[in-house]
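There are 4 protein chains.
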Amino acid sequence: MIVGIIGATGYGGIELIHFLSGHPKVSEIVFSSTSFEGQKIEAIYPHLFGRISAVLLKAEDVINKADVVFSALPHGAGEPFAKLCMEQGKTFIDLSADFRFDDDNDTFAAWYGKGFVYPELRKYSVYGLPEMNREKIKAQAAKGPVILANPGCYPTSAALGLFPALRKSLLKEGAVVIVDSASGVTGAGREPTRTTHFPECADNMSPYKVGNHRHTPEISRNAEAMAGKPVPVIFTPHLAPMNRGILSTIYIPLCGEWKLPPASGCVRPPSEESDDLAKKIHQLYEDFYKDELFVRVLPFGNTAVTRNVRGSNYCDISIHLDHTGTTLIVISAIDNMVKGAAGQAVQNMNIIMGYEEGLGLEILPSLF
Amino acid sequence: MIVGIIGATGYGGIELIHFLSGHPKVSEIVFSSTSFEGQKIEAIYPHLFGRISAVLLKAEDVINKADVVFSALPHGAGEPFAKLCMEQGKTFIDLSADFRFDDDNDTFAAWYGKGFVYPELRKYSVYGLPEMNREKIKAQAAKGPVILANPGCYPTSAALGLFPALRKSLLKEGAVVIVDSASGVTGAGREPTRTTHFPECADNMSPYKVGNHRHTPEISRNAEAMAGKPVPVIFTPHLAPMNRGILSTIYIPLCGEWKLPPASGCVRPPSEESDDLAKKIHQLYEDFYKDELFVRVLPFGNTAVTRNVRGSNYCDISIHLDHTGTTLIVISAIDNMVKGAAGQAVQNMNIIMGYEEGLGLEILPSLF
Amino acid sequence: MIVGIIGATGYGGIELIHFLSGHPKVSEIVFSSTSFEGQKIEAIYPHLFGRISAVLLKAEDVINKADVVFSALPHGAGEPFAKLCMEQGKTFIDLSADFRFDDDNDTFAAWYGKGFVYPELRKYSVYGLPEMNREKIKAQAAKGPVILANPGCYPTSAALGLFPALRKSLLKEGAVVIVDSASGVTGAGREPTRTTHFPECADNMSPYKVGNHRHTPEISRNAEAMAGKPVPVIFTPHLAPMNRGILSTIYIPLCGEWKLPPASGCVRPPSEESDDLAKKIHQLYEDFYKDELFVRVLPFGNTAVTRNVRGSNYCDISIHLDHTGTTLIVISAIDNMVKGAAGQAVQNMNIIMGYEEGLGLEILPSLF
Amino acid sequence: MIVGIIGATGYGGIELIHFLSGHPKVSEIVFSSTSFEGQKIEAIYPHLFGRISAVLLKAEDVINKADVVFSALPHGAGEPFAKLCMEQGKTFIDLSADFRFDDDNDTFAAWYGKGFVYPELRKYSVYGLPEMNREKIKAQAAKGPVILANPGCYPTSAALGLFPALRKSLLKEGAVVIVDSASGVTGAGREPTRTTHFPECADNMSPYKVGNHRHTPEISRNAEAMAGKPVPVIFTPHLAPMNRGILSTIYIPLCGEWKLPPASGCVRPPSEESDDLAKKIHQLYEDFYKDELFVRVLPFGNTAVTRNVRGSNYCDISIHLDHTGTTLIVISAIDNMVKGAAGQAVQNMNIIMGYEEGLGLEILPSLF
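Protein chains in written order, with our numbering: chain A, 1 to 368; chain B, 1 to 368; chain C, 1 to 368; chain D, 1 to 368.
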């Protein structure tokens, strides 16, 4: 199978090349880049020297040659190519946000600054969080070519941490869910900026777009789909001085049956009682994800960290209870470039094509 | 004035030397170390070579020689020396948690594993967060020698972010406050561990003691003192791959008059209405801290980051409103080794001794 | 094929697991660890959770079960197991220095503190730098079980940079070669120390064992083998604040025909003349390595950096001429854990077993 | 005294502000910036918020107001302002390379791309490496206003490591000196580039301008001045993933009386004989620098590292002998932004103004 990547010279594109070049079903990769058309990709990315020597084409040529097309273009740039793919009957796997909101043009327009270009394309699109939408993805693929909206990095990390608690109704009625996340700097992409300038980025924790990052509505949509009703979500992203990884610390206020009776005073140390409750919720998470290839609910007592998923498609999840026994704290760790981008895109391709879901994604996490 | 430092060879001690060696009222510094008694400190810390050449003494000898004594000993080790200081009428400034809980032996024992050794010493002690307790510290100093309980690093960052909101009753009745913090690795101290081993610490975000870190009761005590009633607090610390700094992201659910009317749907982009409310709260914070030397409420629209306080005694605070208009998000940034430890200790010494509060702490933050 | 790893819980062992778990000829991996015998490896290294669940055995049991045995034990610990392997007719691939000096017990003893335990084992051993010794390795394998001495990380980086210049007699008679190297911290292994403690390791360049690191005699031996005569070598290692990679900057004084005529004055900017000479040497390097799978001589004008080989078995080499035209400067970059350890060990296994040399080592470098 | 800084918004300017704001003789600092004229500096650098609130002026206005003028402009931009200062009789301390070559316009033009604009200004200029040129600087100041050419960061680190060996004739006749240096990323300045983009800069060692960096002629000039004859120098800079510091590893081939007799074989472990020689050279360095405030020759057996000079004006030097006993290896560590730029500039100001040389530079190194 020939796969195409349009917008191949951004970091998302580069990570797609990393995984697709080792995928057993992929015989050839063709690329495009607006900025570097006509150049060899190894001239732009010398780590590929001697290995990936093809010339960067026009996007249209990539689509013509490829059996499946990945798009790593910025938001708002890919719709014409999605259209072209649909006309040619070729699956279009989109790493941007353009198709993540189904037909909710209003929300997309409010947060991304402009509305859909071809609203009618949404009949082909499906939101590609496999753990939540695997059957929908398959159903869409059964009907014909798919526009696969690959989830955002933060939303993936948030959704996988929230899913069991929301689906199993642990959340207190009306309560606000808080997702506090830290991301590696690769998430900011390839373009140098003051924010990503080493001297001002190293040895620094830097929150940004506090209270209004545009991944918020995506997280919120997923939460609603999981809970079966609207769920207010607050999301705060931080830039951490590291390259890879997203760590989300998720606060889920618990409803009556799932929380401890009120303590006297506001602070109490961990107790046997609180441990029992935490273990019960841990068991629920373990059961919920027991058949998922890429979600690892860590043994009780462990804590998820980004180091342990580095370079892999895993989402590690750990379960903790606040000392007051009223709030579930879920830690969710992914590699932002893998499960948060290219790896999940390949996972989605596998599902669409009917391959084994983990094909080409077998690599172990790299400790360092 | 001769100042003494007992437990001088830990990181807290080293940072005290950094600030005290440039303090205009300090004529001499004497040190002790149990582990390195009899050695020159420059042999253990070669960055001090040629500058700080004194020999490490016994703690008792330090106390005999010094006019003011700082203790950078671990929790549970310093009470005998505090006692000795009180007997000699010398102020004892303690960087450990031993005296942070006034006479609440139960809470201290529950979270720190053992109770007070000399409960009667608490009549000399005062909790040294100057912005909250300046008058108390002065009052204690007016009575005689003081045991100054220097606040924990996380609690300092949390308290300064919470203070205006709690004192001015912005918090929704019964609501839980969440403090989500990331700390630099110096906070873990001088002893090498697996957690602080470079290969497993670099490029990694790592939450720890989730839901039950022992700074929780200290944060909670401060919150109660500020609000005038118990405030449930959840606190989650993270280790970030950087050396200096604590960044706390603080979620404060707002009460009726301070929040926006409910929106239709769970997600809405920022609006003029939400901006107005955010600015009003910002103004409240600015007014609250207008006379504080070391708290900088950043101009509206800015975001606090650890980089901008590096090496200085500042706490930078920025004010944000959640997109739903129901939750205040305060970002608070300090240098964990300065305002979170040695700098605040010097600030407290200045208050006790009647010096200008910022003496010896004039250094500008270092951008990198 | 079943492969065994003894001393599996050090960083070398962990990286072997990373590559061997994806090797198409490997059906099973068995491990041993003295420190953690009886425990599951995923309990010690949670990044392996759910993937590598086998229990750590005794070394003898590993040898009994395995078809090929890798040893990631410290220097001086593996000889008895090498002996056992020879008795059982099984190849022993040793990441330590024990067999790197053939029968030169004196040099080994002088630099490693004790002599050979079983000198007679050296009849089975071969130094496993494939680019230099491929035919020797094959010849040894044709005779029976092999003890493969996998080269040190610094010596690999130095040797590959030096090989064409020394073999082709570019070095000035009697001149000293200087190898100035910087290594990532993983090279220091798994045990936490003050040197590798994040707060003192981050943001720091730290030379160590200046003038007398024990990789010096190994580098020197290789140089002699390449040049056909003794070559004085000075080697200086540095610890750099990064996890992976060795960057060697190698200074090779050129002999008459290869250098520029003396300039007037000591300094001259680059000229067409010096460019021509540099290109000629570049061409020599390119030709020399044209059939090597894992050595990439970069296009003229490029500079080798560790980033571009991260996670891969490549050695990147770039060619530069000093401004005076008298000294060749070769930059050589490897991943210390891959071409500098586990990857090269797998490459050697492939050669010994008659597999394609790059089997299991196809992964592209990871840009970040 | 009012000091002015033109080009204040680059990193050199910012670091000047850091030191000058605490200098006891400085009553006011005035700034200029071409890019940000009319803005407050705290708006561009929020770490200065609340402390340095002045508005950025035109360079001419700064010169009019100031008693002493520092220039942190790029190479080639400052000559007109130097001229203006000379006309007004005000000292001009220049952090650029414009005045580092005395009247050698040819060398400057060959390496910096254009010649002097006002050659006649060189009669006012002096190269400001205090340890080498203190008396020259004083002499120039005695004559009237000075143009002080503050040395480059790499050249400072190289010169201080070379000075005793060259002045005392340890260098082998005709031999090449090699300076292999690694710098923190702040040395690359404030403008974001691909090279300084965190994802491609972190965890990477990257040599650049190998064999032809333009600090080479400056290093070479200093070496000639020290040795009293031309000394061929090879200089290789590397970018290391850290913020502050330059570490230079300097190889000095020793002449007859200073080296060991040839060994049999090319490699020998350290011996008593080589230790004695190393100690003798160490003593020579210690004696040479015994009156220098900012050069610390470390006790024999120690190794200089950048960590131990961080934030301070020190140059740490350690002395090592190659295992063959033929080459002196000097390690020299400075903070590139302090002794390598702003700190040395303040030191020069102190000398020119007749203040104590260390005034305003008393700060201890910061371990982290």
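These aren't lab readings, by the way, just hints derived from the structure by calculation.
Hints are supplied without guarantee of correctness; some may be wrong.
Identical copies go unnamed one by one, so any copy, or any two together, can satisfy a pair.
To be verified - Taking lysine-lysine pairs in the DSS-like style, the calculated list, with each CA pair at most 25 Å apart, reads:
| id | residue 1 | residue 2 |
| --- | --- | --- |
| 1 | 123 | 259 |
| 2 | 25 | 172 |
| 3 | 259 | 40 |
| 4 | 259 | 138 |
| 5 | 280 | 25 |
| 6 | 172 | 138 |
| 7 | 279 | 209 |
| 8 | 90 | 65 |
| 9 | 280 | 123 |
| 10 | 168 | 123 |
| 11 | 209 | 280 |
Could you place residue 172 and residue 138 in one of the four classes (within, between, both, neither) given a Cα distance threshold of 25 Å? neither (33 Å within a copy, 46 Å between copies)
State whether the alpha carbon distance between residue 280 and residue 25 is at most 25 Å within one copy, between copies, both, or neither. Classified as neither; 42 Å inside a copy, 42 Å across copies.
For the identical chains here, do residue 209 and residue 280 meet the 25 Å Cα criterion within one copy, between copies, both, or neither? between (36 Å within a copy, 19 Å between copies)
Could you place residue 259 and residue 40 in one of the four classes (within, between, both, neither) given a Cα distance threshold of 25 Å? Neither. Shortest intra-copy (58 Å) and inter-copy (34 Å) distances fail the 25 Å Cα cut-off.
Given a CA cutoff of 25 Å, do residue 279 and residue 209 count as a within-copy pair, a between-copy pair, both, or neither? between (35 Å within a copy, 16 Å between copies)
Between copies, within a copy, both or neither: which fits residue 90 and residue 65 at Cα up to 25 Å? Within. Shortest intra-copy distance 11 Å satisfies the 25 Å Cα cut-off; inter-copy 49 Å does not.
Taking 25 Å as the upper bound on the Cα-Cα distance, should residue 123 and residue 259 be classified as within, between, both, or neither? Neither: 42 Å inside a chain and 39 Å across chains, both beyond 25 Å.
With identical chains treated as interchangeable, where does the CA-CA distance between residue 280 and residue 123 reach 25 Å or less: within a copy, between copies, both, or neither? Neither: 41 Å inside a copy, 45 Å across copies.
Cα distance capped at 25 Å. Does residue 168 pair with residue 123 within a copy, between copies, both, or neither? The answer is neither: 30 Å in one copy and 52 Å across copies each exceed 25 Å.
Given identical chains, is residue 25 near residue 172, meaning Cα to Cα at most 25 Å, within a copy, between copies, both, or neither? neither (46 Å within a copy, 52 Å between copies)
Is the C-alpha distance from residue 259 to residue 138 at most 25 Å within one copy, between copies, in both cases, or in neither? neither (37 Å within a copy, 44 Å between copies)
Violated hints for the displayed structure, listed by number in ascending order: 1, 2, 3, 4, 5, 6, 9, 10.
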